[in-house]
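Q: So the protein sequences, as listed, match chains A and B.
Everything in the first sequence is counted per the working numbering, starting at 2 for the first residue and increasing by one.
Everything in the second sequence is counted per the working numbering, starting at -9 for the first residue and increasing by one.
Worth double-checking, as some hints may not be accurate.
Okay, the calculated beta carbon distance ranges per label pair [unchecked claim]:
| id | chain 1 | residue 1 | chain 2 | residue 2 | range |
| --- | --- | --- | --- | --- | --- |
| 1 | B | Phe21 | A | Thr154 | 33 to 39 Å |
| 2 | A | Ser118 | B | Ala126 | 31 to 37 Å |
| 3 | A | Asp145 | B | Val77 | 48 to 54 Å |
| 4 | B | Arg255 | A | Asp299 | 56 to 62 Å |
Don't read these hints as lab results, they were simulated from the structure.
Bear in mind the structure is a predicted one, so any value in this text is a computation, not a measurement.
Cβ atoms here follow ideal geometry from the backbone N, Cα and C, with glycine treated the same way.
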Amino acid sequence: MAATNDTVLPIKERSKALSAAQGAFSDKVLPVASIILAIIIVWYAFAVYLNAPFECDQAARAETTIGFAELLPRTLAQNRPVLPAPHQVAEELWKSTTERRVTSPRNLLFHVWVTFSSTALGFAIGTALGILLAVGIVHSRVLDKSMMPWIITSQTIPILAIAPMIIVVLNAINITGLMPKALISAYLSFFPVAVGMVKGLRSPDRLHLDLMRTYNASGSQIFWKLRWPSSLPFLFASMKVAVAIALVGAIVGELPTGAQAGLGARLLAGSYYGQTIQIWSALIAAAILAAILVMLIDIMARATNRRMGVKA
Amino acid sequence: MMNGEAGAATIDMERQEASAVIEARGLSLIFQTNDGPVHALSDIDLRIGEGDFVSLIGPSGCGKTTLLRVIADLEQPSGGSITVNGVSPHDARLDRAYGYVFQAPALYPWRTIADNIALPLEVMGFASTDRDERIAKNLALVNLTGFEKKFPWQLSGGMQQRASIARALSFDPDMLLMDEPFGALDEIVRDHLNEQLLKLWAQTRKTVVFVTHSIPEAVFLSTRIVVMSPRPGRIHDIIDCDLGEERTLDIRETPEFLEIAQRVRDGLRAGHSYDD
């Protein structure tokens, strides 16, 4: 089976493809991979360090001493470690997502879905509210002077204090389940969107506004043709912040009132029963969810940029 | 040269009296600033007739841009009177009587060139087939055919400014108000664009008010040159520039051109434009 010229890439194209792959590797994969590797190494070191006292106590109770060579593997395989090792967390993540049906409450993905749904709903409400507020503030001096201080003040109240109150009050008027958590997420996420959009809607150049004036453009024409497109970069930047904080809101909403489902509930359950590995796997799952959500917004931003002719 | 410059002058005067497109009388504008009042315009008397190409020339701070903005209803005068097309600048703006070209191209970066030219047409409610026709026609006028789908960042400064001129012409206004449109460009591009602008004016015969701080540019392009001086902003001199209708860049070496340029320079000097 001789390789003919048709089946083997010419040498030039092969080396071009190779150097492109090398370029992508060193630009994108290598930096992220090396940081993750560093984090994992530090994590292992801390796991050994923090779990060691327990092993030493055990040994002291059995009235023996324990050498380092024996200590090391024991600290990384405890049932209820102070700090689970990365492989323990990975194993727990794998078990809790694959070994049961996806819809069962024992499956981590089920909880991820619950948290994700209240995050998404809260984020959507918060973004819409933030945009509407920004439009009002930019177009009305009365709203500008009166709303901004209150909006900023609203964010200084600690969410952990206010979340239980919101949930209890809403439950009393028969709003239960997804909605109260979504409202907490909305409460947290409307602020970055409002602030960012006010900046964005006010960002057009003096010259561009004068140009619209020479055309005798109406207020709504100026808004849709000039202010709204100029504000999109600001909108996406603040949406990234808002989605991450909406996730925090959803988890916080699950903590105080003994919720049965969601990542916050998993965290709580883990802490009640001392299952530190469960706590950590819920934490990592939340982190991965946040990363995915921010990435989704980024993809939307890039697609919009391409359509709006931003310099590639 | 045409027979009898005197004859041309009387025809010119008659034309002006018949249809003064812009008429300012005793116009003044005072800005209140932290350092006290600034007399941006002081007692301006000016008549601009239909089909004139009028340059406003002077140093920074002489009020030429301010005067243009008052004509465009982008600033309000504090005294005197001004009419555009016989009505107030506000009504002229509502009537969409002029196209304004700024110092910077001011193109919207998220729109293609074609969409940028379409912007005033969209605002003013032209039908979409009409819009496409006008875009094509005006891009051809400024020699930018073929650049419809490009974005502003893909064009050079000179091309962007040409696109902005095409945009100002797209809705066929009778007047063009241009505020140092070629100021940010290098001399070679400037010469080229001056030629193109003159050809455009000869073709379309619009009334043009052109602010510049370049003496050769003013003399080359205009039928009348208004020399302004600063502090307070006032008109020092109005010079008729009758170098004929068909001008090429070569006339910049002729004695008539140099004479007019010298008159302009003398006017600027007398108006203390060269003082510290």
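Q: Any hints from earlier that this structure breaks? Give me their numbers in increasing order, please.
A: 2 and 3
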